[in-house]
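Work out the full structure, taking the sequences as your base and the hints as a guide.
Chains as they are written, first to last, in my numbering: chain A, 1 to 374; chain B, 375 to 583.
Keep in mind that a hint or two might mislead.
Claimed, not checked - Derived CB-CB ranges, DEER-like:
no., chain 1, residue 1, chain 2, residue 2, range
1, B, E552, A, A116, 50 to 60 Å
2, B, E552, A, D357, 48 to 58 Å
3, A, P126, B, R463, 46 to 56 Å
4, B, R463, A, L203, 32 to 42 Å
Said to hold, decoys possible - Below, computed lysine-lysine pairings styled on PhoX-like, alpha-carbon distance capped at 25 Å:
no., chain 1, residue 1, chain 2, residue 2
5, A, K58, A, K125
6, B, K474, A, K58
7, B, K399, A, K344
If you are wondering where the hints come from, they were derived from the structure by calculation, not from laboratory data. Remember, it's a predicted structure, so these values are computed and weren't measured experimentally. Don't be surprised by glycine CBs; every beta carbon is placed ideally from N, CA and C.
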Amino acid sequence: MIYLDTNATAPMKPAVRIAVIEAMERWGNASSVHRYGRTTRRYREEARAAVAAMVDVKPSQVVFTSGATEANATILHNFAAMPVAVSAIEHDSVLANASQAARLPVTPSGILDLMAADEILRAMKPGLVSVMLVNNETGIIQPVAELAVIAKKYGHKVHCDAVQAAGRLPLSLRELGVDALSLSSHKVGGPQGMGALVVDEKLALQPIIRGGGQEMNRRAGTENLPGICGFGVAAQLAADDLRDATRLTAWRNELQAELVQAGGQDTVVIGDTAPRVANTLCIAMPGVSSETQVAAMDLAGIAVSAGAACSSGKVKISHVLRAMGYGDDVAGSALRLSLGWHNKQEDIARCVSAWRDVYQRAKNNQYNRSTQAA
Amino acid sequence: MSNVIGLNEFAGLANSALTCWLCQKPASTRAIFCHHCGTVQPVRDIDHFARLGIERRIDLDVEHLDHQYAALSRTLDPQRFLIRGMGERTNASKQLEALKGAYEALRDPLRRGRYWLSLHHEHDAAQAEMQPMITELRAELSTAAEPVACDRVAQKAGQALEDGIMGLMQALRGQEWEKASSTLVHLDWLESILGDVRTKRSDMTQASR
Numbered sequence: 001m002i003y004l005d006t007n008a009t010a011p012m013k014p015a016v017r018i019a020v021i022e023a024m025e026r027w028g029n030a031s032s033v034h035r036y037g038r039t040t041r042r043y044r045e046e047a048r049a050a051v052a053a054m055v056d057v058k059p060s061q062v063v064f065t066s067g068a069t070e071a072n073a074t075i076l077h078n079f080a081a082m083p084v085a086v087s088a089i090e091h092d093s094v095l096a097n098a099s100q101a102a103r104l105p106v107t108p109s110g111i112l113d114l115m116a117a118d119e120i121l122r123a124m125k126p127g128l129v130s131v132m133l134v135n136n137e138t139g140i141i142q143p144v145a146e147l148a149v150i151a152k153k154y155g156h157k158v159h160c161d162a163v164q165a166a167g168r169l170p171l172s173l174r175e176l177g178v179d180a181l182s183l184s185s186h187k188v189g190g191p192q193g194m195g196a197l198v199v200d201e202k203l204a205l206q207p208i209i210r211g212g213g214q215e216m217n218r219r220a221g222t223e224n225l226p227g228i229c230g231f232g233v234a235a236q237l238a239a240d241d242l243r244d245a246t247r248l249t250a251w252r253n254e255l256q257a258e259l260v261q262a263g264g265q266d267t268v269v270i271g272d273t274a275p276r277v278a279n280t281l282c283i284a285m286p287g288v289s290s291e292t293q294v295a296a297m298d299l300a301g302i303a304v305s306a307g308a309a310c311s312s313g314k315v316k317i318s319h320v321l322r323a324m325g326y327g328d329d330v331a332g333s334a335l336r337l338s339l340g341w342h343n344k345q346e347d348i349a350r351c352v353s354a355w356r357d358v359y360q361r362a363k364n365n366q367y368n369r370s371t372q373a374a
Numbered sequence: 375m376s377n378v379i380g381l382n383e384f385a386g387l388a389n390s391a392l393t394c395w396l397c398q399k400p401a402s403t404r405a406i407f408c409h410h411c412g413t414v415q416p417v418r419d420i421d422h423f424a425r426l427g428i429e430r431r432i433d434l435d436v437e438h439l440d441h442q443y444a445a446l447s448r449t450l451d452p453q454r455f456l457i458r459g460m461g462e463r464t465n466a467s468k469q470l471e472a473l474k475g476a477y478e479a480l481r482d483p484l485r486r487g488r489y490w491l492s493l494h495h496e497h498d499a500a501q502a503e504m505q506p507m508i509t510e511l512r513a514e515l516s517t518a519a520e521p522v523a524c525d526r527v528a529q530k531a532g533q534a535l536e537d538g539i540m541g542l543m544q545a546l547r548g549q550e551w552e553k554a555s556s557t558l559v560h561l562d563w564l565e566s567i568l569g570d571v572r573t574k575r576s577d578m579t580q581a582s583r
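This is how it looks when you write it as C-alpha cells:
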C-alpha cells in the first residue's frame, strides 16, 4: 500500500513512537512538586522548547492543546465578542468556530485576494483576522505576512492556522507578523490528538477549558505527556523535512506531469500557477467523482484523499475549490495527493499507473453508457 | 501495520550504507537527526544546497535561503543540547558550523559563483590573463598619495566588482564555464586591490595622526 495522504495525517516517525512509548512508561503529574513531577515537567519543557524553536518563539509562548482544532477554537473564542474575518478557504475547525465572520475571498488562482481583504478589514472594527498559511487541499501558500501588515494597519489581531506549513516551510511567528499560530503534531509525524497554540507575548489568552492552572493558566487539564513528548521529537525532526522539500518538489512535479499526460486535456491541476508547498498536488479528472477515484485508487493500493478528510469519512464537495471559482464538475472530481517523509521515488510511478487505470476504466464506462443511450 | 504504510522504511534509506552512530539503524546522508532514535547525526558530505534544503540553482531565492538557515540553525541551538551527551552536543555544534559555512558560501554571490563553478568545472586560475584594468588600478593605487585618491581607486574597483559579479552570474547561468572562470580570476584581483586600498588608506590615516 502506498500512502499519499500526508496532509490528512503523516505516518508517525519511529523516533516519535519511541518517545511516546517512553513517556507512557513514566508517571508523575507535571504539576506535582516531588521528583516524579519534576521529571515529567523536564520532559514537557524540553518538548516545548523544540516546538518553540520550530516557530521561532520563546517556550513560554507555546500552549499545548489537544490538537489544532482546539487551538483554533481557543483563539476564536477569545475574540467571540469582537468582529472576526476569516478566509473563505479555511479549515472547518476555523469556519465552524466563526460562523458569523466576514469571509475574505481568494482569487481564481487560490491566493487570498489582498485588495478585497484590505477593503473588508478597513470597514471592520478592530477584531481578529484568521488566515491559514498553507491550504490543506491545494497546498497553496497564502500571503499571511502581507495580510498581517494590512490587518495591523486597522488595529486587528491576526491568527494563522499553520498546520500544513509546519515542516514544509520555515516558520517564524515574528516574521509572519501574527499574534497567534496553530500547530498540529500529527501533520509533522507526531502523535494524533496533540497540537499547540503559539501566542505573542502581549496577547493575554483566556482558557476555554477551565479548572486548573496548567499551561500558565491558558489551558486547564493535566497535560498529555506522551503526546507532548512525541510532538517535541516530531518538531525537532521537522528540520529534516524542511531539508527534504527539494526532493519532494521534484517528485510532486513528476507526479503532476505524468498525471496530466495520462489524463490529457481533461485534467485540471489546481493551484499550479500559485506558490505551493512541495508535497501537495490537487488534480481533478472531470467526469469521474472524487469518491469513485478515491475508492478505485484504494483498491489499487494507493491511499489518497478527495480533499479535506472529514471525521465521518464521507466525501463532500470542496468549499476551497468552490471559493476558487471551480464548478461542481471540477470541485467534485478533485483528488489530493500529498507526499511525506515516508515516500519513495517508486511510489510516484505506481501511483501514476494506478491512476491511469482508473482514468481508462472511467472513460470506457462513459463510452459504454453513451453508446447504450444512443 | 508497518507493512501497510511503510513505517519502517525511509525514503532513500533502504540501500544506504550509512547508519546512525548511536542506534546503528539506517540513516540518510541528508538527515540532521536519526529518524529512529532522534539523536543528532555527524556532519555528512553533502553539497551546500542540500545542507540548506534549497533548490540547486545559481540564481537562488536569497530570502528563502535566509529563512531556511534561520529555521535549521534554531533547531541546532546549542542551548537545546546542554543536557544531552557529549557525542550529541559535539554533533550538534559541528552540524551548526557546517550549516553556517554552507549558508555563508551561498549567501555571498561571489562565493556562490565560485562554489557553483567548482561543482561544474575545473577552475584553473593560472590560465587566466590579467586584464588591463587591473594593471591600471594597481598603478593608480601605487601613485595615490592622498586618501581621496585611494577612495577613487576603491570606487572604480567596487564598481568593476559589482559589474563583474553580474557578468559571472550571466556566464554561470549560460554554462559558459571558461568565461566564468576567467571572470572569477578578474574578481579575485579586484578584491585584492580593494584589500590593498584598505591597508594603504589605514596606513595614511595612522601616519597623519
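Hint check results:
{"no.": "1", "hint": "B:E552 <-> A:A116: 50 to 60 Å", "result": "holds, 52 Å"}
{"no.": "2", "hint": "B:E552 <-> A:D357: 48 to 58 Å", "result": "holds, 51 Å"}
{"no.": "3", "hint": "A:P126 <-> B:R463: 46 to 56 Å", "result": "holds, 47 Å"}
{"no.": "4", "hint": "B:R463 <-> A:L203: 32 to 42 Å", "result": "holds, 35 Å"}
{"no.": "5", "hint": "A:K58 <-> A:K125", "result": "violated, 30 Å"}
{"no.": "6", "hint": "B:K474 <-> A:K58", "result": "holds, 22 Å"}
{"no.": "7", "hint": "B:K399 <-> A:K344", "result": "holds, 18 Å"}
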